[in-house]
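Undergrad: Given chain G, work out where chains D, E and W should sit, using these hints.
Single-letter residue listing:
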Amino acid sequence: MKFSFTEDQRLFASGLRDLLANECTPAHVREAWENHTGHLPELWSRLAEMGVLSMLVPESTGGMGGTLLDAVLLFQELGRACVPGPVLEHMAVAAPALANTSWGPSLVDGSQIATLWVDNSPYVAHAQVADLVLRNDAVITGFSSTDVHGIDGGRQLFTIAGGTESTASAQVFGLAASDVMALASAAYLIGASERMIEVAAEYARQREQFGKPIGSFQAVKHLMSDALLKVEFAKAPTYRAAWSASTGASTAVRDISMAKALASEAAYRASRSTMQVHGGIGYTWEADLQLWMKKSWALMRAYGDATFHRRRVGASVLSK
Amino acid sequence: MKFSFTEDQRLFASGLRDLLANECTPAHVREAWENHTGHLPELWSRLAEMGVLSMLVPESTGGMGGTLLDAVLLFQELGRACVPGPVLEHMAVAAPALANTSWGPSLVDGSQIATLWVDNSPYVAHAQVADLVLRNDAVITGFSSTDVHGIDGGRQLFTIAGGTESTASAQVFGLAASDVMALASAAYLIGASERMIEVAAEYARQREQFGKPIGSFQAVKHLMSDALLKVEFAKAPTYRAAWSASTGASTAVRDISMAKALASEAAYRASRSTMQVHGGIGYTWEADLQLWMKKSWALMRAYGDATFHRRRVGASVLSK
Amino acid sequence: MDLNETSEESAFRAEARAWLEANVPTSPLPSFDTEEGFALHRVWEKKLYEGRWSAVSWPVEYGGRGADYIKWLIFEEEYYRAGAPGRVNQNGIFLLGPTIMEVGSEEQKEKFLPSMASSEIVWGQAWSEPNAGSDLAGIRSKATRDGDDWILNGQKIWASRAVWADWCFGIFRTDPTADRHRGLTFILCPLDLPGITVRPIAQLDGDTGFAEIFFDDVRVPVANTLGEENKGWNVAMATAGFERGVSLRSPARFSEAVNRLIHLWRTYADPTDTALSDAVTDVWMQAEGYRLHTYQTVTGMLEGRPIGAEASLNKIFWSEMDVRIHEIALQILGPEAERMEGPFERWVDGFLFSLSGPIYAGTNEIQRNIIADRVLQLPKGM
Amino acid sequence: MDLNETSEESAFRAEARAWLEANVPTSPLPSFDTEEGFALHRVWEKKLYEGRWSAVSWPVEYGGRGADYIKWLIFEEEYYRAGAPGRVNQNGIFLLGPTIMEVGSEEQKEKFLPSMASSEIVWGQAWSEPNAGSDLAGIRSKATRDGDDWILNGQKIWASRAVWADWCFGIFRTDPTADRHRGLTFILCPLDLPGITVRPIAQLDGDTGFAEIFFDDVRVPVANTLGEENKGWNVAMATAGFERGVSLRSPARFSEAVNRLIHLWRTYADPTDTALSDAVTDVWMQAEGYRLHTYQTVTGMLEGRPIGAEASLNKIFWSEMDVRIHEIALQILGPEAERMEGPFERWVDGFLFSLSGPIYAGTNEIQRNIIADRVLQLPKGM
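Read top to bottom, the protein sequences are chains G, D, E and W.
Going by our numbering, the first residue of the first sequence is number 1, and it counts up by one from there.
Going by our numbering, the first residue of the second sequence is number 321, and it counts up by one from there.
Going by our numbering, the first residue of the third sequence is number 641, and it counts up by one from there.
Going by our numbering, the first residue of the fourth sequence is number 1023, and it counts up by one from there.
Just chain G, same shape as in the assembly (with noise of 0.2 Å):
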C-alpha cells in the first residue's frame, strides 16, 4: 500500500504549473472574460503542445496514454491558475472519448476544440468556443448558441440549438462522462481552494489594521485555518478517487462521489472565508479573488452538487 505520486507525475504536474505562471496569469484569466468567449487560444496551443490536452488519450492514437491518476495533479493546476475555457471537458471526456473516431486526431492537436453535454443542466458551458459538442450518445456540430451569462467568465454558458448528430459514445475508461468530469472538477476546485487561500494569506499578510496586519488577528488566522482544513482533507479522498477510476475498482464511483461533495464544500468554503479575509476588495470586480471564487460557485454545482453526491455515497455505504 502505497499513497503517493511517482516523481513522473510530480514532474509533469509542476511542469504546467510553471507553464501556467507565465501563460495563465489572472490578466489573462480576466482577458478570456473580457473578450466575451471565455476562452485563450494561445494557451490552448501550449497546453496541446505539452500533451496535456492528449494526456488520457491512448498512445495508439496519437496521445500521452496517461491515466486519470496521472491526470489528477493536472487538472489540479488546472484549477490553481483557474484556466478558462473547455479544458476539463475536452481533455477528461472528449479527446479519449473519441480518440477513435475521425474527430481524434484534431482533438489530440487542439486544432478543434470540443465541450460537453451530460449533465442535467439544459445549458451547455464553452458552446460558442467549441466545434463540436459531445453528449452521452451522440456528437453535435454545426449548432447555434445563445448566451444566457454564466456567473463565471471563463466558463460561459449557452443554450444550443439546430446541428448535426453523430452517434457517439461520451464513455471513458468505462465510466460515464458526468463521472469523469465530477473527479476533474473535483481536482481543479481544490487547485482554485489552495489558490484562494494562497491569495487571502498574501493580503492577510499585508492589510494592515489596527496597526497590525490583520493576519496577525486570531479571527483572521482561524478563518483560514478551517478553510485550509477543508481543503486538505478533500484531497486525499480526490487522488484516492483517481486511483479507483484509474484501477476500474468497483468503488470508482462512490470514491469520485466523495471527491466531488467534499471538494465542492471545500471550495465554497474558501471562497467565503477569502472574501471575508478580503473584506471590501474581495466584493469587487477588481480584486483577483473573484475569478476563482466564481469558477468555484460554476463548478461545485456542475456535474452534481455536493448534494447530489453525497446522496450516491450514502446510498453506497448506508444500504444493506
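Keep in mind the hints are simulated off the structure, nothing from the lab.
Fair warning: this is a prediction, and the values are worked out from it, not measured in the lab.
Glycine included, C-beta positions come from ideal geometry on N, C-alpha and C.
Heads up, some of the hints might be wrong.
As the list claims (entries may be wrong) - Using C-beta positions, here's what the derived DEER-type ranges look like:
id, chain 1, residue 1, chain 2, residue 2, range
1, E, Pro670, G, Asp147, 16 to 24 Å
2, E, Ile947, G, Glu286, 33 to 41 Å
3, D, Thr487, E, Leu942, 21 to 29 Å
As the list claims (entries may be wrong) - If you want the footprint, here are the derived chain G segments under chain E, 3+ residues with CB under 8 Å:
id, region
4, 117 to 125
5, 143 to 153
6, 277 to 288
TA: Positioned in the frame of chain G, the structure of chains D, E and W alone reads:
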C-alpha cells in the same frame, strides 16, 4: 403592539432570582445530586411559599392565577439557578391540571410532589421523589421506581411499575402537557444558557495563559459571542410562544415548537462553547459548569428535541 | 405584552397597504446603481414623499408622519410585501437624517431634512478609506480650516450610492495632532464641487454600487459641519449605532425573502427531502426570530431603554441569515444558479449581494469583538 | 500510488486478525480508569506483548515487530475491528517510547522499552500545570540539581492514567533564569516515591482518568533525564508532534465508531429522513477521509518527508469528527441518550469523552494558530 413584560412580571422574576441566589447555589444543586434524590426539600418549600409552584393554578383553587406569560420569566430564572427536581413538571402542568381534583390543595402548597410521564420516553424523571405521576390520561400513585441513571443528577431518571391509576387530564390552558413542558423547558434552557455564558465569561476574565486573560483572545471572544447570539435570538421567540399560549392564539403550538427548537440548539451551543473556554477544567466533575451542561443535554431532548420541533414548525409553515 | 395590533396600528397598516397597492410600479425598476435606474428610483422616492411615505418615522414638519418605531416596522412589512423598489436614499433617510435630528442645528434641519425626505437631494456615504476599513479610527482624509471654509483633501472608498448621488457625508481629520478617534469632524459635502472626483467601483456583479471619492482642495462652508468640531467620531458612532441597530435591515426584508424561498421550495423542491425542508424551516425561524427580536428591541426603545450592543448582535444575525437564505435558494435552483441573467436572476444577484453583508458596516469579526467587550465584558485584546 | 495491499501486508493483516480473534476478551473490560479495570487492562497488555502485538512498530529487540507505519495502521484496523480493549499504556507505547528511541541513551532504551512493551511499567503523563495548560511554556514545577539527583517540586495536572500508573514523564524547570521555552528538562519519575501525592480528578463521567500530581522534594537520579538538560522543550515537542500527528488517534478508531453508528442508524432511524442520512454519510466520509489522509501522511513519512503542521490539522479534524459522530448517535437514541448506564452507555460515555478531544493535547484554538502561523505563514499575533 407591545413586546415587553409588565413591571409586576419583572419584579416577580427578580424576586425569584434573589431567592435562588441564596437557596439554590451550585453547592445546593450538588447536594441534590449527591444525595441521589435530585431534589431540595427546603427550596421546594420556599418555592411553594413564594407562589412559584402554584403560579398557574387558578385563584379559585388557591393558586396565583397566573398565565404562561406570567410564568415564562420564572422558568427562565429556574434555569439560571439550575433548580433540581420536578419543579417544571409540577408547576407548569401537574398543579394547574389537577387543581380541581383532590390532589389540588397538596400540590398548591407543595406538600405533595408531582411529576409527569407524557413524553414518548420509557423513563419518568423525578419519579423517586414524586408522590404522583401524571400521565396524559391518568394519575398514578403508589408505584415503585427503578433508577436508570440519568446523566443529570438534578433530573434523576426512572422506570416505574405498579401503582394505582385514576383518570385525569394533563391538559393545561387547552394545551397538551408535552407542549406546555416544551415551552417551560425552552425558557429554562435559556436561563441555563445565560448562566453558562456568564460563568465562562467570568472564567475568561480571570484565567491567564500566554501572560494575558484568555478572554482577551479573539478566539475566545468569538466563541462566546456566537453562543450569546444564539441565546439572545431564542429569547423573543420563547416569550412570544408564552404569549401565544396565554392568549390561545391559533399559532400557539407552532410558536412553542419554534421556541423549543431554538432554545435547545442555543443551550447545546452554549454548553459546547463554554466548556471549550474552560479548557480542561470544564471537563471535570468539580467545575460547576457541568451542572448546567448536563441539565441542558437532558432538557434539550426531553419534551421533543430540536428536530422534532423544527419538523412541527416546518409542517405548519411549509405546507399549503 | 400584547402582540396584537392596536386599532390605530391596523388602520395605519391598511392605509399603507392601500397606498402601496395603488402606487408601486408594476414591473421592477432597473438597478439604482445604473444611471437610468437611479433616476427612476428618485422619481419613486418623490412619489413616496408626496404620499408622506418616504420617511414615516420622521416628524411631520420635515415630511414624515411622526410614526413610532412599531409603525415604522409595520410600514416596512407592507413595503416589502408590496414588492416596492429599493430605497435609493437610504443613506440619507435612515442614517444621516436621524443623526441630523439628534445633533444638527435648526438651520441644518430646515436645510437638509425636507430635501432628503423628497429625495431632491440623494445622499452618498463617505466613511471608509483605503486604510480605514474595519478600523475607522485610521481616517486620514483631512479638513483644514480656511476662514469660514473647510478645505477637504484625501480619499474615501466604499462610498455607497456616491456614483449618482448629490451630496455625501463623511468624517475628516481636523486635528492632525489628536490620535485615532479624536480630532475627527463630521462634514456634509455636495458631490459636484470642483476638486471632487468620483470613481465608480465595480462590484462582484459588475454594478457600481460603490465609489471612491477623491477630494483635492475641495472647499465647503464650515456651516456644513454636523455636530461639534473634532467630535465627528461620536457623531459617526451615533449613526453607526442606529444603522447597525434597526434601520439598516428591517425584518420585513428577510421575511419577504423567506416567503419567496418557501414559494421556490414548493415549486421546485422534493418535499420529502428533510435536509432541505429543515434548512428552509431554519431560515423561516431565523427571519421570524429576527422580526420578534426587533419588535422587542423597538418596544424597549419606546419604553426608554437605549439600544446598545444589540446593534452588533443584529448585524451578525441578519447578515448570516441573508447568506443562508440565498445559499438554500441556489441549491434548489441547481444549474439555474449559474446564470446571472434569466428568470432566477434575483436569487443569484441576491446571493452576491448577501456576501457583502458580513463585511460592510463593520465586519462581523469586529461585531463579535464588540459583543465580547461590551456585553460579555471580556478584556480588550486587540 | 497503489492502494492495494502487498501480499506481505495482507499476510500481516491475516495474522493479526487470527490472533485477535483468538485472544480478545469476549466481554468488555471495566474502564481502565478504575482499579480493577486498570489491572485487567495490564493483563491484556501482557498478553498482547506475549503475542508480540503490543508495540508492532517498535524494533524487534525491544519487543516489537519492526512493522512500518502502513502495517501499524493495518494492525490498528484489525485491533478496532476486533473490539479489543483500550490501550492502558498508550502514554508509554505511543508517546514516550518513540521519544526514548529518538533521544534516549542505550541504557535508557534497555531499561525502559521492554518493560513498557510488556506493560510491567505503565506510564502516566505529567505535562500540564494549573497555569500551563495551552501555554506549556508557563511550566513552573522545578527540578533542582543535588549531586547525582534531581529534587522535584511543584504540581502537575491532567496527568492521564496517573492514578494507577507506575511511572510518569514530564518537563520541569531546571534553569529558573531562562525564559519560557528554555531551561526545561524532560524527566522520568516513578510514582511511588516519597514526596509524591497523586490526587485523582473526577471527569464529567465521574471516572478518574486524570490526576493532579504533587511533587514535594521528590528525589530522582539525574540518569532519569531524557535528552539534554535544559532541552526538555524540544524533547517534549518531538513527542507532542508524534502524539498529535498520527498515533494519538488512529483512523481505525473512527472508522469503527462510524460503522457502529451506521448499524445504529439501520436499526433505529427512519431511512427516508435525508437530514439524518446525510449526517451519517458525512461522518462516514470524514472517517474515510481521515483514513486516506493518514495513509498519505504515512507514505510520505516512509518516503522521507517529515510530518509538520499536519499534526495540527489532524488534531482538529479527528476531534471535531469524534464529537459529531457522537452527536448524531445521541440524536438517533432520543430519550436513551439521557441514560449514563444501560444498553447504549457506550455512546453516551463516548459523547462525554469526545468533548475532551477539542481541548486536550493542545486546544483546537491553539492548533488553528499553529496552522495559520506555520502553514499559511501568517504573522504571529499572540
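Undergrad: Would you mind marking each hint as holding or not holding in the structure?
TA: Cross-check of the supplied hints:
no.	hint	in the structure
1	Pro670/E <-> Asp147/G: 16 to 24 Å	20 Å, holds
2	Ile947/E <-> Glu286/G: 33 to 41 Å	36 Å, holds
3	Thr487/D <-> Leu942/E: 21 to 29 Å	49 Å, violated
4	117 to 125	holds (count 5)
5	143 to 153	holds (count 5)
6	277 to 288	holds (count 7)
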